[in-house]
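*Asks:* Letter by letter, the chains look like this.
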Amino acid sequence: MSSGFITPFSVIMLVAGCTFAIRSMPFALFGGGKEVPPIITALGEMLPPAVIAILVVYCLKSVSLVTAPHGLPEFIAVGIVAILHIWKRNNLLSIGGGTLVYMVLVQIVF
Amino acid sequence: MTTKKEILKYAFIQTLPVLFGYLFMGIAFGILLEEAGYNFFWAFFISLTVYSGSMQFVLIGMLGGGMGIISMIVLTFSVQCRHIFYGLSFIEKFKAMGKRGWYMIFSLTDETYSLLCGMKIPEELDKKKVFLAVAVLDQSYWVIGCTLGGIMGSLIGFDTTGIDFAMTALFVVIFIEQWYSFHSHLPALVGIGCGTASLLVFGPGAFILPALIGSVCLLLLLKNTIVKEEDSQEVCQ
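Chains A and B are the protein sequences, given in the same order.
The first sequence lines up with residues 1 to 110 when you count with our numbering.
The second sequence lines up with residues 1001 to 1237 when you count with our numbering.
These are calculated hints, taken from the structure and not from any lab test.
Ideal Cβ positions, reconstructed from N, Cα and C, are used throughout, including at glycine.
Hints are supplied without guarantee of correctness; some may be wrong.
Unchecked claim - Negatives, chain A to chain B, calculated, CB over 10 Å:
1) S62
2) V66
3) P69
4) L72
5) S94
6) G96
To be verified - So, partial list: chain B residues that the calculated Cβ filter (under 8 Å) puts toward chain A:
7) Q1014
8) L1016
9) V1018
10) G1021
11) T1049
12) V1050
13) G1053
14) L1063
15) F1085
16) L1088
17) I1091
18) Y1103
19) C1217
20) L1221
21) T1225
Unchecked claim - Just so you have them, the derived chain B footprint on chain A, three or more residues with Cβ under 8 Å:
22) 6–12
23) 18–31
24) 49–58
25) 76–89
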């Protein structure tokens, strides 16, 4: 069976519903003062860095290394975001600076 | 009893850092969404109902179609799973807020969570009302930012090519923050490894789900090593 056509509205409602379900989960499951199973606690601690790493890969998934400009704009801009962030730890500066550099790179340089 | 005004004033000052962050990221989201073909009504609607920074950016990709329902649900749960642990710190407090507690649960974003955790609310202010005011202010900044971005996206005359990099930059920043806050870098490395391997094997269209499943399995296998490396620190309090 094909998944068929999903309207943008239902996609939004699905994501909104899932998001609320996740946020209310601890209240539904552990509201009665029950112990949180250790495996859940452990996954909850370990999973976020892994998921964020996958999302970084997700953002860069369409970058081609074999065709020009060989992913150079992306690598330079990611590098700048990283350097800015390690240096200043200021979210706005890192995201704003990196995005600006990337826009200049794809529009003017490459 | 303190007045509404005092509570609002206190909450406003507390939320100032979030104000700038949310306006900026909200505008970036609104512009991207407009570029994807959805005007500011959509940005308003999404920021009102979904209300999640990182997930809304991922959602833009989903709107384009091509992803199955199961993949969407799994992806949403994976991106948002950290929220499960935010709620754990507030079970009793939100319960005591009655109906308003439902809104608190809905609006518990990363930023609101960190504010609620970090605030030293003065004795004379009603704690529950301050909580609610902080949550409502934060979401209103976000909704205003997203809607504004949608409007700007349709008006902007200059070339916005490449502005979508804001999303990549956001995740890189979160990645670095996670890297610092964790003693063990294994989870981050597992994510990079599984993500890249899965991308090479399954291609850009279908790599997320295998990457997530692979990561969960690997993390469970490595659990003892990671937990040993991690100091038993308490989150929030």
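*Asks:* Look at each hint and say if it fits the structure.
*Replies:* Hint check results:
1. S62: Its Cβ does come within 10 Å of chain B, the nearest being 6 Å, so this is violated.
2. V66: 13 Å, holds
3. P69: 13 Å, holds
4. L72: 13 Å, holds
5. S94: 5 Å, violated
6. G96: Answer for G96 (chain A): violated, closest chain B Cβ roughly 7 Å.
7. Q1014: 18 Å, violated
8. L1016: 13 Å, violated
9. V1018: 11 Å, violated
10. G1021: 6 Å, holds
11. T1049: 4 Å, holds
12. V1050: This interface hint holds because 5 Å falls under the 8 Å limit.
13. G1053: Since chain A brings no Cβ nearer than about 11 Å to G1053 (chain B), farther than 8 Å, the hint is violated.
14. L1063: Cβ of L1063 (chain B) sits 5 Å from chain A, so the hint holds.
15. F1085: Holds, about 5 Å.
16. L1088: 5 Å, holds
17. I1091: This hint holds: I1091 (chain B) lies near chain A, its Cβ roughly 6 Å from the closest one there, short of 8 Å.
18. Y1103: 11 Å, violated
19. C1217: Given a least distance of 11 Å, the restraint on C1217 (chain B) is violated.
20. L1221: 11 Å, violated
21. T1225: Constraint on T1225 (chain B) not satisfied, violated at 11 Å.
22. 6–12: Contact hint for the stretch 6–12 of chain A vs chain B: holds, 4 residues under 8 Å.
23. 18–31: holds (count 11)
24. 49–58: holds (count 10)
25. 76–89: It holds: at least three residues are needed, and the stretch 76–89 of chain A offers 6 whose Cβ sits within less than 8 Å of chain B.
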